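> Here is what each chain is made of, one letter per residue.
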Amino acid sequence: MDTVKSAAWPLLFTYNGPVFGNGFLSYVELCGKLLAVQETEGVWLEGVNPGAFAIGATTLEKASQTLPEALTKVFVDFAETTDSFEAFKRTVEDFYEATDPETTSAWDRAVEAVRDGLMPVPEGLLRKPGWKCFVRVTERSLDQLTPRDNPPVVFNRQLAAAA
Amino acid sequence: MSSFGQVPLKDVWAMLEQCAPDHSIQERTHHYCISYGEKSYPAFPKGEHEKQNPPIQKGHVRKMARFFGILECAKAALSI
Numbered sequence: 199m200d201t202v203k204s205a206a207w208p209l210l211f212t213y214n215g216p217v218f219g220n221g222f223l224s225y226v227e228l229c230g231k232l233l234a235v236q237e238t239e240g241v242w243l244e245g246v247n248p249g250a251f252a253i254g255a256t257t258l259e260k261a262s263q264t265l266p267e268a269l270t271k272v273f274v275d276f277a278e279t280t281d282s283f284e285a286f287k288r289t290v291e292d293f294y295e296a297t298d299p300e301t302t303s304a305w306d307r308a309v310e311a312v313r314d315g316l317m318p319v320p321e322g323l324l325r326k327p328g329w330k331c332f333v334r335v336t337e338r339s340l341d342q343l344t345p346r347d348n349p350p351v352v353f354n355r356q357l358a359a360a361a
Numbered sequence: 029m030s031s032f033g034q035v036p037l038k039d040v041w042a043m044l045e046q047c048a049p050d051h052s053i054q055e056r057t058h059h060y061c062i063s064y065g066e067k068s069y070p071a072f073p074k075g076e077h078e079k080q081n082p083p084i085q086k087g088h089v090r091k092m093a094r095f096f097g098i099l100e101c102a103k104a105a106l107s108i
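From first to last, the protein sequence lines are chains C and F.
Take any residue in the first sequence, note its place counting from 1, add 198, and you have its number in this note's numbering.
Take any residue in the second sequence, note its place counting from 1, add 28, and you have its number in this note's numbering.
For the record, the hints were derived by calculation from the structure and aren't laboratory data.
No experiment lies behind these values; they were computed from the predicted model shown.
Just to be clear, a hint being listed does not mean it is correct.
Stated by the list, open to error - Restraint ranges, calculated between C-beta atoms of paired labels, are given here:
hint : chain 1 : residue 1 : chain 2 : residue 2 : range
1    : C       : Gly315    : F       : Ser63     : 35 to 45 Å
2    : F       : Gln34     : C       : Gln342    : 43 to 53 Å
3    : C       : Pro345    : F       : Pro49     : 49 to 59 Å
4    : C       : Ser339    : F       : Glu100    : 42 to 52 Å
5    : F       : Ser107    : C       : Asp341    : 49 to 59 Å
6    : F       : Thr57     : C       : Ser282    : 31 to 41 Å
7    : F       : Ala104    : C       : Thr212    : 36 to 46 Å
8    : C       : Asp306    : F       : Gly97     : 17 to 27 Å
9    : F       : Gly65     : C       : Glu278    : 21 to 31 Å
10   : C       : Gln236    : F       : Glu76     : 37 to 47 Å
What the hints assert, rightly or not - Result set (EDC-like, lysine to aspartate or glutamate): computed pairs, CA atoms no more than 20 Å apart in a straight line:
hint : chain 1 : residue 1 : chain 2 : residue 2
11   : F       : Lys103    : C       : Glu237
12   : C       : Lys271    : F       : Glu76
13   : F       : Lys74     : C       : Glu278
14   : F       : Lys67     : C       : Glu237
15   : F       : Lys67     : C       : Asp347
16   : C       : Lys326    : C       : Glu310
Just so it is clear, CB atoms sit at the ideal spot from N, CA and C, and this is done for glycine as well.
Kindly produce the complete structure, drawing on both the sequences and the hints.
Written out as structure tokens, the structure reads:
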């Protein structure tokens with residue numbers, strides 16, 4: 199069987215975490231889409247949804263570990279420039295939805311290649327058929343907080359291959 | 029062309045002047061937020077702190093240019 203060479207992998211990732219804003223506490227949950235391109239120096243992750251970010255790292259595992267911190271920094275920037283939970287929520291949702299046709303087309307082609315068995319799933323990643331991506335931003339009050347809302351120190355297994 | 033290669037930030041700003049007229053740049057705590065047309069790219073890296081003209085990885089520039097639909101112009105203006 200022929201395989202696709204030098205193509206991008208279609209990956210899924212999850213993000214869950216609290217973000218403190220100006221007078222509000224929010225909780226951001228999302229399932230996002232990425233294209234991962236292997237290069238000589240490492241792997242480059244390009245956002246599909248959200249579409250306006252990218253990450254480079256020496257390995258897919260390191261990129262996976264960097265991803266939550268990179269997104270948290272974007273959300274903190276949003277929190278600093280919005281003055282209400284509603285404005286923050288709208289900004290996060292707009293960021294999640296914004297993409298470009300070239301990237302979404304490349305993502306669609308890559309998913310088809312994985313489904314058709316033309317592109318191998320990166321080693322160590324699960325295949326994840328039947329995926330459905332989303333973004334959810336909810337407001338939390340102090341009495342809703344629990345110790346479980348603290349962000350984990352180590353993030354593992356953030357990525358899965360869309361199939 | 030490697031995404032891990034670098035270009036000076038000033039060259040990126042010059043490219044935007046040429047390829048994305050009427051864009052705007054807002055400096056935030058962690059990133060630059062670049063707006064052009066009706067779209068915003070809020071995750072453009074600021075590069076290493078305390079450098080006047082820090083190097084930026086080409087992958088970030090390419091992704092931003094593709095997002096705004098100015099990739100061909102950006103490639104002609106920069107070696108990305």
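> Of the hints stated earlier, which fail here?
6, 10, 14 and 15
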